[in-house]
Amino acid sequence: MAAASGAATTPGLYLQAQTRWHPIEFAFWAATLAPFLLFPNHLALASQIAITGLFALSLDLILGYAGIVSLGHAAFFGLGAYTAGIITKYGWGEPLVGLLVGPAVAGLAGYATSFIIARFRHLTLIMITLGLGFLLHEAANSAEWLTGGSDGLQGMRIGPLLGLFRFDLYGYTAYAYSLVVLFVVFLAARRLINSPFGLSLRGIRENALRMPAIGAPSRSHIRKIYTISAVIAGMAGALLAQTTSTVSLGVLEFQRSAEILIILVLGGAGRLYGGLVGAIVFMVARDQFSGIAPQYWYFWIGALLVTVVMLLPNGILGGLAQLYARWQGKSS
Amino acid sequence: MSTPALSTHGLEKSFGSLVVASDVNLAIPLGARYALIGPNGAGKTTLINLMTGMLRPDAGKIRLGETDITAFSPGDRVKRGLVRTFQINQLFPHLNALEAVTLAVCERRGVAGKFWRPLPAYAEAVDEAYAILGSLMLAPDCYRLTRELAYGQQRLLEIALALATRPKVLLLDEPAAGVPREESAELFTAIAGLSQDMTILFIEHDMDLVFRFASRIIVMVGGSVLVEGTPQEIAADARVREVYLGGEAP
Chain A
0 MAAASGAATT
10 PGLYLQAQTR
20 WHPIEFAFWA
30 ATLAPFLLFP
40 NHLALASQIA
50 ITGLFALSLD
60 LILGYAGIVS
70 LGHAAFFGLG
80 AYTAGIITKY
90 GWGEPLVGLL
100 VGPAVAGLAG
110 YATSFIIARF
120 RHLTLIMITL
130 GLGFLLHEAA
140 NSAEWLTGGS
150 DGLQGMRIGP
160 LLGLFRFDLY
170 GYTAYAYSLV
180 VLFVVFLAAR
190 RLINSPFGLS
200 LRGIRENALR
210 MPAIGAPSRS
220 HIRKIYTISA
230 VIAGMAGALL
240 AQTTSTVSLG
250 VLEFQRSAEI
260 LIILVLGGAG
270 RLYGGLVGAI
280 VFMVARDQFS
290 GIAPQYWYFW
300 IGALLVTVVM
310 LLPNGILGGL
320 AQLYARWQGK
330 SS
Chain B
0 MSTPALSTHG
10 LEKSFGSLVV
20 ASDVNLAIPL
30 GARYALIGPN
40 GAGKTTLINL
50 MTGMLRPDAG
60 KIRLGETDIT
70 AFSPGDRVKR
80 GLVRTFQINQ
90 LFPHLNALEA
100 VTLAVCERRG
110 VAGKFWRPLP
120 AYAEAVDEAY
130 AILGSLMLAP
140 DCYRLTRELA
150 YGQQRLLEIA
160 LALATRPKVL
170 LLDEPAAGVP
180 REESAELFTA
190 IAGLSQDMTI
200 LFIEHDMDLV
210 FRFASRIIVM
220 VGGSVLVEGT
230 PQEIAADARV
240 REVYLGGEAP
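Order-wise, the sequence lines are chains A and B.
Numbering-wise, the first sequence is residues 0 to 331 according to numbering that gives the first Met the number 0.
Numbering-wise, the second sequence is residues 0 to 249 according to numbering that gives the first Met the number 0.
These are calculated hints, taken from the structure and not from any lab test.
Here the structure is a predicted model, which means the values were calculated and not measured.
Careful: at least some of the hints might be erroneous.
Sample of chain A residues lacking proximity to chain B, with all beta carbon distances greater than 10 angstroms (derived) [claimed, not checked]:
| # | residue |
| --- | --- |
| 1 | Tyr13 |
| 2 | Ala26 |
| 3 | Ala212 |
| 4 | Val283 |
Across the chosen pairs, the derived CB separations fall in these ranges [stated by the list, open to error]:
| # | chain 1 | residue 1 | chain 2 | residue 2 | range |
| --- | --- | --- | --- | --- | --- |
| 5 | A | Ala16 | B | Glu181 | 51 to 59 angstroms |
| 6 | B | Glu241 | A | Val308 | 58 to 66 angstroms |
| 7 | A | Met126 | B | Leu29 | 43 to 51 angstroms |
| 8 | A | Gly290 | B | Glu123 | 40 to 48 angstroms |
| 9 | B | Arg108 | A | Arg120 | 44 to 52 angstroms |
| 10 | A | His21 | B | Arg146 | 19 to 27 angstroms |
| 11 | A | Leu36 | B | Gln89 | 51 to 59 angstroms |
| 12 | A | Gly11 | B | Asp75 | 45 to 53 angstroms |
| 13 | A | Thr8 | B | Val226 | 47 to 55 angstroms |
| 14 | B | Glu147 | A | Leu310 | 17 to 25 angstroms |
Every residue, glycine too, gets a C-beta built ideally from N, C-alpha and C.
Could you build the full structure based on these sequences and the hints that come with them?
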């Protein structure tokens, strides 16, 4: 199968084939335009899904590729959201400014903490990221003068995008904006994953002990990807603040960190698309379940999570990839 | 006499009351093929761990050429050309062989931190990795995931990863561990075919292989070097026969 077809090629051609766009990828991105035509009443939800997908993508870069587990990734999401929100109070209403400044602040925090992150693994890392998340949440809670504390940020004034497009009630602008940002960041992430650096990240995930024995500076690799991941998480946070015109402490809560982890695992980590698929399934399921029984919808999310993880250890995408491989094996 | 490629000077290490290295003095000349033998628990792997920086010695010095590397991190030692393989496979199960060796080549070439151009754009690194795999007869299977390779091929990949760093001194910790006898001779033939500029120290239990492929032999017992010499000297040494070869001449 794979080995036989590989024997006929050269290493360069083989690697090029690995990075080539698959038809399913084109289909996926074409489908992201469908809500404009098919569900014009659900564009606000579609926008939230795109933002959640972007947040999940940021986690995938560290967890799915470098094997760095985090239960505190909301810290960077929240930093991006608060920064993007706060600067509008001081006259910087242009969303693109917030889209730069929010992630920059998140990235700085990511870089600062990456020195701790790079030294630890596994359970210790979970505890550290969890703790850092709590620290930031309580800091935002107590800094009422800046964040509005538990009342949420007051007095945000988001201007029109590029001075032209207002954020309308139906979510046209919101979804178009979120989708464009998601797509551009996705392209960059895809490039990164297919680069030598992406290969090194997978090396860290696969065998952190061997890396120093081949002369690889794992810690500096980890610091780099953690910072990049924080920037992207901050970007997702900034998008949420701008498209909903609100920022509350919820953006920094533990539940947000936990949910994004669930979404990524549900969709399938280490595949770039896993977080996006997970975001679609999770957010649509939440929308539907909470319509049926608002107070119990987490029950169904729990059932979904347990079922998927038990039956499909590599998430929804992992399962689909297996089916696809089997189908290809039969047809050839 | 010229400077040895790798030398240790009064190396000491103990875990609590257990002495695993005691006054180890070795000088391995450039291009030599040294075998390190000794009964289980003699401290052979510990010595490799000390040399490569995975353990810190309690006392003593390690020199790579003229450089004192005692305080260097494992990664810095690799950059300077002191590289090891592992007795138990330390591979990248879900990378294929080509990716794994390309990773090591990219790290050596200093391009592993580059994240904007795709891997195929670094054609020289990829071709170099492919050539290394070819030299160890791994080219036909280089697109298969590491975990799907036959065990003997995984042992070769262990060596391929080390070669990708362009070692000056290569330390092989039981390269043929777990490999069937017929195949282990093949594996050592591949090792013997490596560049003569490379200095090699290997741990091996099979005495046939040791006497066939080593130019000199170090015998360790209880954390100390018992004797060092040519295969003929070792074969004739009464102490070695007593503690190690069970009283019989090989």
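Verification of the hints:
1. Some Cβ of chain B comes within 10 angstroms of the Cβ of A/Tyr13; the nearest lies about 6 angstroms off, and the non-interface call is violated.
2. Residue placement check: A/Ala26 keeps its beta carbon more than 10 angstroms from all beta carbons of chain B (closest about 22 angstroms).
3. Separation of A/Ala212 from chain B is inadequate, the least Cβ-Cβ distance of about 6 angstroms not exceeding the 10 angstroms criterion.
4. Interface exclusion of A/Val283 from chain B stands, the closest Cβ pair being 31 angstroms apart, more than 10 angstroms.
5. Against the hinted window of 51 to 59 angstroms, the Cβ-Cβ separation of A/Ala16 and B/Glu181 comes to about 36 angstroms, which falls outside the hint.
6. The hinted range of 58 to 66 angstroms is satisfied by B/Glu241 and A/Val308, whose Cβ atoms lie roughly 59 angstroms apart.
7. The hint said 43 to 51 angstroms for the Cβ distance between A/Met126 and B/Leu29, and at roughly 49 angstroms that hint holds.
8. A/Gly290 and B/Glu123 have their C-beta atoms about 58 angstroms apart, which leaves the hinted 40 to 48 angstroms range violated.
9. Distance hint check for B/Arg108 and A/Arg120: the Cβ-Cβ separation is about 27 angstroms, which falls outside the suggested range of 44 to 52 angstroms.
10. The hint said 19 to 27 angstroms for the Cβ distance between A/His21 and B/Arg146, and at roughly 24 angstroms that hint holds.
11. Under the hint 51 to 59 angstroms, the C-beta atoms of A/Leu36 and B/Gln89, about 53 angstroms apart, fit the expected range.
12. Checked against the hint of 45 to 53 angstroms, the pair A/Gly11 and B/Asp75 fails, with Cβ atoms roughly 32 angstroms apart.
13. At about 52 angstroms, the beta-carbon gap between A/Thr8 and B/Val226 stays in the expected band of 47 to 55 angstroms.
14. One distance hint, 17 to 25 angstroms for the beta-carbon pair B/Glu147 and A/Leu310, holds here, with the actual separation near 24 angstroms.
In terms of the numbered hints stated before, the structure departs from hints 1, 3, 5, 8, 9 and 12, listed from lowest to highest.
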